[in-house]
Structures are given as structure tokens and as C-alpha cells.
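Chemist: Sequence order for the protein chains is A and B.
Per the working numbering: the first sequence = residues 1 to 272.
Per the working numbering: the second sequence = residues 1001 to 1382.
Just so you know, these hints were derived from the structure itself, not from any lab.
The model shown is predicted, which means the values in this text are computed figures rather than measured ones.
Any given hint might turn out to be false.
[Claimed, not checked] Ranges of calculated distance between the beta carbons of each label pair, as one might list FRET restraints:
1) B/L1208 / A/V92: 39 to 49 Å
2) A/A20 / B/A1149: 58 to 68 Å
3) B/R1133 / A/I246: 49 to 59 Å
4) B/A1188 / A/F98: 42 to 52 Å
5) B/A1136 / A/V92: 36 to 46 Å
6) A/D63 / B/G1157: 32 to 42 Å
7) A/F98 / B/E1234: 23 to 33 Å
8) B/E1234 / A/P187: 52 to 62 Å
9) B/G1157 / A/I246: 29 to 39 Å
[Unchecked claim] In silico lysine-lysine, BS3-like type, Cα no more than 27 Å apart, as pairs:
10) B/K1191 / A/K165
11) A/K165 / B/K1274
12) B/K1207 / B/K1236
13) B/K1178 / A/K165
14) B/K1147 / B/K1191
15) B/K1202 / A/K165
16) B/K1207 / B/K1191
17) A/K165 / B/K1126
18) B/K1147 / B/K1202
From the three backbone atoms N, C-alpha and C, an ideal C-beta is built for every residue, glycine too.
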Amino acid sequence: MAQPRSGRLLFWCGRLVVVAVLGFMILPAVVVGIAAFNAKALLSFPPQQLSLRWFVNVFTYEDFQVGFRNGLLVTVAASSIALVTGAAFAFVLDRYTFNAKRVVEGLLLAPLVVPHFTVGLGFLILAAQIDMSRGYGVVILAHVVLVLPFVLRSVQISLSNLNPKLELAAASLGARPGRVLLTVTAPLLLPGLFSGWLFAAILSFNEFTASLFVTSQQTQTLPVAMYNYVREYADPTMAALSVLYIVATATLLAVANRYLGLGKVLNVEHTR
Amino acid sequence: MSSIPVDAETKVGAAPDLAAAARAQDLAVRLDGVTKRFGNTVALNDAWLQVRRGEFLTLLGPSGCGKTTMLNLVAGFLFPDNGEVFIDGALVTDVPTYEREIGIVFQNYALFPHMTVASNVGYGLKARGVAQREIAERVTEILAMMKLAGLEDRKPGQLSGGQQQRVALARALVIRPKVLLLDEPFSALDKNLRSAMQIEVKEIQRKLGVTTIFVTHDQSEALSLSDRIAVVSEGKIRQIGTPQEIYRRPANRFIASFIGEVSVLRARLERIEKSEAVVQVGAASITVPAGPLAGQSPGITVDLFVRPEQLCLASGDVALEGQVATTVYQGDHVDLYIDAPAAASTRILMRLPSHDRVPGAGATIGLAIGGHDATAFPAVES
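Just chain B, with the same shape it has in the complex (with noise of 0.2 Å):
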């Protein structure tokens, strides 16, 4: 695992400055301090979301977290109880669906069984008056794009899971729509399938630069698709950045251990300089971000948090000796469960290129942390 070069702003939070009024006619769509509740439970409370135009940023989180509602909002099949929705500049909280020129794609695609391809392709053109002609040009145009060439007349029920998708996504995309909107459209597909079509709709995206909203939650889906991530949880967007900033830097402990995979180490905070902190570890000195841990005072017990790459075999000044509970083979690598209980309470997964010699089962070993993309937070009493 090589390590990422250090780059730009680590911009967190979305709520309104004097930038991004400047920065507002790029921005697609915008959501400001939006409420919902069902009920008496509340699906976002307060949420903040700036989407720049021809980004493809992806609401993130586990289920019931709100980023379905978040679309559904942007998409107007449901209304906020307080706050703003904007698309293209333009106020839309009150607008009906059929008039906020948005495209959409679901999970299982809801295309019309009783159309065929052209006709479901053709539907929003149709709806908008445009003239016969310029339909059969602009859905025969979208249909070479996606590699639907010749199947016009077919329904949708003789067509692959794939195809159904394309056909879903040449749908929405025909019309021009102001923001695209996808609502899990790869969870339906099986795994081989599902990565061949992230990689097209990447592409397509990238090709008609048309701004995207894409909800998941799965977070290589996230990591791998997204020009940006927001991070959702419990009605309110956590964390918003570029999946580097989100995986390198995660906000707070929820995001950094449901992003990636994450080791949580017991470590001393020694002192914190400006924006960074040092924490020691066994023998290891280690440089963190200080902002988790602003207000603390050295000398307390931090959780540090590291990724499986970034730990390594060391001698000498260690951060933690281990023994190898497991080993797990991986095909590139091995995935290494260790047991230190003097520096963690659970195991402690480190990886290895498995070319390289890697320890048994039972060996002792020593750790070192390598790179900068460790984060701590103040420590909860378990």
C-alpha cells in the first residue's frame, strides 16, 4: 500500500460562508438546514448540502440514516418540514417532481414493463412535447452511448439485469436532467457485473459532466465512484470531502471506523502544536490531526486510530509488540489478526504484500506506524 500525498483543504461541514455565496451559481443543488421528520422520528435534522455542478458526490451511511430522504427531498417525492431545497440557483422546495427536470435511477430500476426499450427511453421526451422526430434521433443517440443498439423493440422483462440498468440510466439521462439522482442502482447487480457497470457509469458521467447524487451504503462503492463523499448518520451529514479527505482524515470516531477498515490502539497524548498532536505509543512518537482531540490535556488516553496499511513489522522503537493470532491470505496481500492486549482491547489487523515473508501463527512480533493518515480521538470508557 503506497502512501497518498498530503493535498489541499480538508473542507468540513457544509454550512454557508461568504465563499460559497461567491461560488453560488456553480453550485447544482443545495440544501439548506433541511428537516424532516416522520412521525415522531426525525430522518434529517438540520442538514447542509452544497453539490457543485458536474461533481459526482455520493450520500453515504449506513440504513436509516437519512440519505434516501436526502434524495427524496432533492427529487421533491417528499417535502422538507423546514429548510430550502435549490437546483441550478433556483428555489424548488414547493416544485412538483415533473417539473424540477431531475433524473433518476433506482434500485431496481422501475422501468415500464408494458413499454418497450425505445418507449421507455423516449417517456420523459415525450412528456415534455418534444417532436417525434427529435425523439427517435435523441433515444437512437442514447442507445448507441449506452450499448442498447438493437434492442428498441424489446421489453424490459427480456432484458439482463445490466441492460434493465442502462436502460434506466439512458432514461434518465436523455432528458438532460439538471442533477442525476442514483438511489443504490448497484446493489441489484451480481458482483462482476456490478464493478464492470460502476466503471461505465463513471465514464458516461464523467463524458456528459452532468451533476450526480449518488446513495450507498457501501463504502468502496463510495470510496472508488466519488468526486466527494458525504458522510450521513442519524439525520445529519457528519463529514463532506474527497474520498481521500474522508478516509485519511475522518472527522470523528463513527466515520473513521465505518469508512475503511480501522485497528484502535490505546495511546498518551503528549503534547498538541497547532493543528497537529503527538500521542505515544509503546515506544512511538505519532503525529495526528489536532483538531479531534482540541481542549484535551496531555497526559490523558486517547484511541488511536490506524488503517491496516499503515501498520508495518519493526525492531527497535516499536509502538506495540503482538502475537499473531491469524493469518488470513488474500491472493496480493495477507491480512494479519494480532493480539497485543497491552495496546488494544480487540485484534489488531495489519496487512502484507504476500510476496513478502510474513510471520506464522503464534509468532511475537514488533509494530511500527508509518505515514500521517493515523487519526486519535479522546478515549471512551468501555
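The shape of chain A in the complex, shown without the other chains (with noise of 0.2 Å):
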């Protein structure tokens, strides 16, 4: 029997909605991806003519090339030093009891909720202070702070996720402790220090309001560089950039997935 035609119409809007959604997700990705292909030095939409020569120019862009070179170096810096911090900081919450606990946890988590100028702000106040406001021990400083809470929380909850009998049932067999880390401890947090830091890295890598203000024009990253350029020209290259910024970040993650899971990665999958 046929559905009446008020049930078919509600369930082609419905259809409808569902694709309008999701094509305003992609939609913003989409545009801009078609815009980096333009001729002309003009952000307009659609292009008239195609043509490769933005992507040409954001390699050869001098600033581009530093920035890219500085965004790698804060960001590897930064999230490795966040990562043992935040691996070492989780380790304590996780297996001791003390009275601070509580604003410690609060202490590490606060940059969750102070705005990334304040941090950027205070960190050139206190760096002009010692004369250090022009090296790059200002920059990665300031971004191990943005980050450190999401590694702490990534290997928080890969702490929980294990069980604790393992290491004891290791001892037991007549490992030492420094075994017991390496053997057991160690490969089963991997997967969540490895997704905390690839958290890390991906914040860090974007990471603009704080690092505007920390930056000099010899330690600028590459989202500050972008915003010195967008402030002089207004060609596609941006869009190419952004081109290159989506497939950077779509492999990265694809690989994340095909060797370890991406479930595991995001720590949405509970691994015991």
C-alpha cells in the first residue's frame, strides 16, 4: 500500500535538510578550494580561467617558507615537551592521592578558559621583562601551555583505560619496574601519548591569536605569516594554502587511522 502523500513529502524534506546540512558543512571547503585554482589575482567565485600559479607562489613565498619552517619547529617542540609534561602530570593524578589534587588538575586545565591573547599578552609582558620577547623560547613556551591540557586529558584517559592488575601480574612474574614500564606500561598507553600529541601538534601547527603576539618577524609561524599576507595582498593564494592545509591534515589523519585506529587515536574506542 501506497504511504500517504503527507508521509512522503515529510520524508523528502527530511532527505533534504539532511544533504542541506551537510553540504554547509563542506561548503565554506569547497569554495575556497575551487577559488585557489583561479588566474586571476582576485578571490572571486567562480573562476574564469584555471591555473596552478598560487600554489607555485605559496612555495616560493620567502615568508611562507620561514613560517613553515618556524610552525614546524614550535610545534614539534612544543608538543613533545607538552607531552611529557602533561604524560608525567597525568601519571601522578591517575596513581597518587594528595590534597592539592584537585587544583592541580584545575591549574593544568586552565588554559581551556583563558582566551589565547591573554596567554600570548602575557607571555610578551613577561618575556620583554628578561629581553627574551624576539627567540622562539617565548613562542613554544606559550603554546606548550595551549596544549598541555589536551594531551593531560588524552593520556588521562588512556591511564583509566588500564587496568592496573596488568603491571602487578608483571611483578609478579618477576619484572622489575623498569620492565614493567617498557613491556607492559608503555606500549598500551602508546596509542593515547601518540593521539595527545598528535592533538598537540595539530593545535600548535594553527595555532594564531597567541602566537601574534609572541612572534617577531624572524619567529613568526605560518598563521601569522598568513595574516601578514592577507593584510598586503588579496589573491588566491590564501585559498591555496588552505587547499594544501585540508590535504596535509586528511593524510595525516588517514595514516593515523590506518596504523593505529583512528577510534584509538581520538580515544573514543576503550581499548581494554
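Put the complex together from the two separate chains, hints included.
Modeler: Dropping the structure here:
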């Protein structure tokens, strides 16, 4: 028996809404992606002629080259420092009970509620006091503070999914603490540590607001270089760079998914 | 239910004596006056325990009684506030777990999820620096013994519950531990598998002769597996003995009601003669151990603890008369719940073979108490 007309109408309207929402979500990326191939020095849509010249510009523009190198340096340094620090704190918070536990945890997570420009401004003022405002140190420190909460949470979740009996079992079998750490604890925490590092890296590489305060001409990261670029030019170089960003991130996540499972990397799966 | 012949010494308590000192080299594990506190809670209070070499000893008690704490002290996962721990005659109170040469099987097995069965089982040997080839040989040997051959390359997640348990046991046994610790290892298994595994574990334990300390709150498990049972409550060992001793000569009211099923009858103390006392229930005189009644004067009311299988139908000099409230068919036997307000404040449970003629609900019956296994304790006001 045929559905009543109102039912069919509702069904098709529902589909339309879903398609519209999904389309809307990727629309900006699609528009920018197409605009990147415009041959003219205009951010117009749709392009009249196609060209790869803006991609060439991305790779040859010196500030972007410097910004990319700086960004990579800051990202690797900051997320690695954050990983070690965050993992250590997560371990302490997971294994020990002490009076100020809540306070410590709260302080470590505080950057989540402090605006990035506040962190940037604060570090700028402090760095100026000790004449450090021109170096990489202050940039890296600011990034460490900003990404630490994400690393901390990620490792905390992995730790709480780790059965403490496993370490006891290993000890009972004659493994010294160092061996237990290397053969049991670390391998089981690895996906969590990696996901924490990856999140930190992506956040740090994209971080703009705080970086704007703490970077100089020599130490500016890619997002800051991009900002300075758009203040001067309004050509599709930005769009080309966006396409590269999207491709790079998607590749990274695909690789992570292939080798570790995205569920584990994003900590949405319980591994126990 | 057949009655069990009275045997050997009933050794209650485990305080050190001269005989124990002479047997010191036969002891695999010794706890000497061990106390352990967690904050303000005393988990173990001056506990003494001696485990003989090769025996299967069960720590039995309700949850929170301290039995797991005792196991953790032997394992070295915890360290006592007072007292000493010995394994194989050596003082290990401050020795870390990894130097104690123990094997342990946890409730959820705690297999390493990222390692294969073979790596799990070989872990302890590798930690000891055993040569690769010997590891392979010993792992193969123990896996064959545990009926796990062919599963070497599986991960724990790909195994059934019973297989995981066997891997855990193989992993603990392959290092030839001085003592095997079992921390409620059967409670995660379903009922059929559980009894099969219990028999298997018991057989392997006997074959290897490994000293085993088994922690459980399940009294039937304890009765069926153990060479000796230590009943633990409120941080102390209340009684230690063979399953028969614990079941037939419980040292106190708690043990009498915790292990097996029991009905409490009101009785009157007639007299005490050396190691035996005689109590009067209705027209019947029952002989019970004098120990629990020491110092009580004749004429006082005592509580007589009787097992369901000790009660039988009778006429003439009956211990008590009562009315059948309910009968419950159990296959090989029938449980009868009897109201006898004159003799007991709660319902009395008796057990009859199901092929006998069983009185129906509402019938008035006379009961006699057979055997020598009843125990009496001074009455408590209720």
C-alpha cells in the first residue's frame, strides 16, 4: 500500500534538510578549494580560468617558507614538551591521591578557559622583562601552555583505561619496575600518547591568536605569516594554502587511522 | 547424606608452637602477627598463618574481611604495618614482588592484551633472562599441559573465558613459583565452566605439587577444593582446618552459619564432661563438643546448630515437633522448611532423599537429630 502523500513529503523534506546541512558543512572548503585555482589575482567565485600559479606562490613566497619552518619547529618542540609534561602530570594524578589534587588538575586545565590572546599578551609582557621577546623560547612556551590540557586529558583517559592489575601481574612474574614500564605500561599507553601528541601538534601548528603576540618577524609561524600576507594582498594564495592544509591534515589522519585506528587515536574507543 | 567418620586432630588457631617450629622447613608461607591498616580501617589485625608446602589452602570470608589483603601481603603488592612475612623460610617482609618468585592468577586474569599467548606465558621466563630456546620449550610444554596447544599466536582478546584462565594459570606456573596465589579466579566464569575449571585447577595443583593460596568468598568452592581452609573475618583468622573440621566443628557462631546451611535450635545444657557436653532438646539428648561451652553452668539455654542432613524423621523420643511449611524439590533431594516455634525462632531446614516418602506441607512431623556433628554455642539474647 502506498504511503500517504504527507508521509512521502515529510520523507523527502527530511532528506533535503540532511543533504543541505551536510552540504553546508563542506561548502566553505569547497568554495575556497575552487577559488584556489583561479588564474586571476582575485578571490572571485567561480573562476573564469584555471591555474596553479597560487600554489607556486605558496611555495616560493619567502615568508611562508620561513613561517612553515618556524611553525614546524615550534609545533614539534611544543607538543613534545607538552607530551612529556602532560604525561607525567597525568600519571601523578592517576596514581596518587594528595590534598591539592583538584587544584593541580584545575590549574593544568585552566588554559581551556583563558583566551589565547591573554596567554599571548601575558607571555609577551613577561618575555619583554627578561629580553626574550625575540626568540623561539617564548613562542614554544606559550604553545606548551595552550596544548597541555589536551595532552593531559588524552593521557588521563588512556591511563584510566589501563588495568592496574596488568602491572601487578608483570611484577609478580619477576619484572622490575623499568621492565614493567617498557613492556606493559608504555606499549598500552602508546596510542593515547600518540593521540595526545597529534592533537597538540595540530593545535599548535594552527594556533594564531597567541602566536601573533609572541612572535617577531624572524620567529613568525605560518598562521601569522598568512595574516601578514592578507593584510597586503587579496589574491587566491590564501585559498591555495588552505587546500594544502586540508590535504595535509587529511593525509595525517588517514595514516593515523591506518596504523593505529582513529577510534584509538581519538580516544573514543575503550581499548580494555 | 552419609555421616563422615570422626578423624584426626582438630587444630584451631595458628599461633606458633614448638611443633610448628620443628616443621618450619615444611612451611611454604608464614604470616607472623601481621597487621595492616588503611587510614583508620584495620584490614588485618595480628593475623597468623602457616601454609604447608604443597598444600591447597583457602582463605575464605565475606568481602572486606581481609583475605585479599592477606594475599596482597604475600604477593608483595602491600607491605604490613606490623609483623613479618616468610616465603620458603626466608624473611620477605620488605622484599619487592618481582623478587618473591610467586605466581598469581587474578579474577579477570590480567593477561597482557598486546601480547600473544606465547609471549604472555613466556613473560616471566624472559624477565628472568632464561635463554630463548628454553623459553620456547617450557612455554610449549606448559601450553600442552593446559590444553592450549595451537593457540600460541592468538591475542587474549581472541580467547574464550576458560582459555584465558588457562593462559593466566600457565603464565603463573611456568616460572615454577614458590607459591601460587589465586585471587577469586573462578568468579568471572559461568557456572558449568566454573566447576570444570575447578576440577582442572585442582588436578594440576596436585600434579605439580605447588603450594597454593586461594582466596574466595564462596564457601562451597572452598569446601570442594581445599586441603585446609582458613576462615577470615574482620581482619583475623577465626579458624583453620580441613574442610571436614570446619564444616563439622565450627569454632564459633559466625563460622557455623557462614559455611554450609544450618538451623539454630533452642536447647538446655545438661552437663559438661571433659571434651564433650550434653544438651537437651525436647526429649532428646545430644552430645556436642564442650569447647564452645566452656565455663557455662548446667541449666542455661544454649543455641544448637544443626545441619539439614543431620535431621531425620522420627517418632517416640523426638527432639522437636513441627509443621512442614514448604517443600522444595531439588532433584536428588527435597528441602523441607519446618515451623517449630517451641524449638526455634526461625524456620528449620531439613533434607530428605527425593525417592523417600516426603511429608507434604501442613503435616505435623517429629524430628530427631542424628550423628555427632551438631555444635552448641551459648545463647545470644535476641
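Chemist: Each of the hints needs a verdict: does it hold here or not?
Modeler: Hints versus structure:
Range check, B/L1208 to A/V92: about 42 Å between beta-carbon atoms, so the 39 to 49 Å window is met. Take A/A20 and B/A1149: their Cβ atoms lie about 60 Å apart, and the range 58 to 68 Å holds. The beta-carbon spacing between B/R1133 and A/I246, approximately 53 Å, falls within the hinted interval of 49 to 59 Å. A hinted range of 42 to 52 Å for the beta carbons of B/A1188 and A/F98 is inconsistent with their spacing of about 33 Å.
In this structure the supplied range 36 to 46 Å holds for B/A1136 paired with A/V92, their Cβ-Cβ distance being about 40 Å. The hint said 32 to 42 Å for the Cβ distance between A/D63 and B/G1157, and at roughly 51 Å that hint is violated. For the pair A/F98 and B/E1234, the beta carbons lie near 30 Å from each other, so the given range of 23 to 33 Å is met. In this structure the supplied range 52 to 62 Å is violated for B/E1234 paired with A/P187, their Cβ-Cβ distance being about 41 Å.
Judged by the Cβ atoms, the range 29 to 39 Å given for B/G1157 and A/I246 holds: they are separated by roughly 36 Å. Taking the CA atoms of B/K1191 and A/K165, the gap is near 24 Å; set against the 27 Å cutoff, the hint holds. The suggested pairing of A/K165 with B/K1274 is violated, with an alpha-carbon distance near 52 Å, which exceeds 27 Å. Restraint check for B/K1207 and B/K1236: not satisfied, since their Cα atoms lie roughly 31 Å apart, outside the 27 Å limit.
For the hint pairing B/K1178 with A/K165, the CA-to-CA distance comes to about 20 Å; that is within 27 Å, so the pair holds. Of the supplied pair hints, the one linking B/K1147 and B/K1191 holds, its CA atoms being roughly 20 Å apart against a limit of 27 Å. In summary, the hint linking B/K1202 to A/K165 is supported, as the alpha carbons are separated by about 24 Å, within the 27 Å threshold. Proximity of B/K1207 to B/K1191 is assessed by CA-CA distance (about 25 Å); at most 27 Å being required, the pair is judged to hold.
Note on A/K165 and B/K1126: the hinted pairing holds, with a Cα-Cα distance of about 19 Å set against a maximum of 27 Å. Between B/K1147 and B/K1202 the alpha-carbon distance is near 15 Å, which keeps this suggested pair within the 27 Å criterion.
Taken one by one, the earlier hints fail for this structure at numbers 4, 6, 8, 11 and 12, listed in ascending order.
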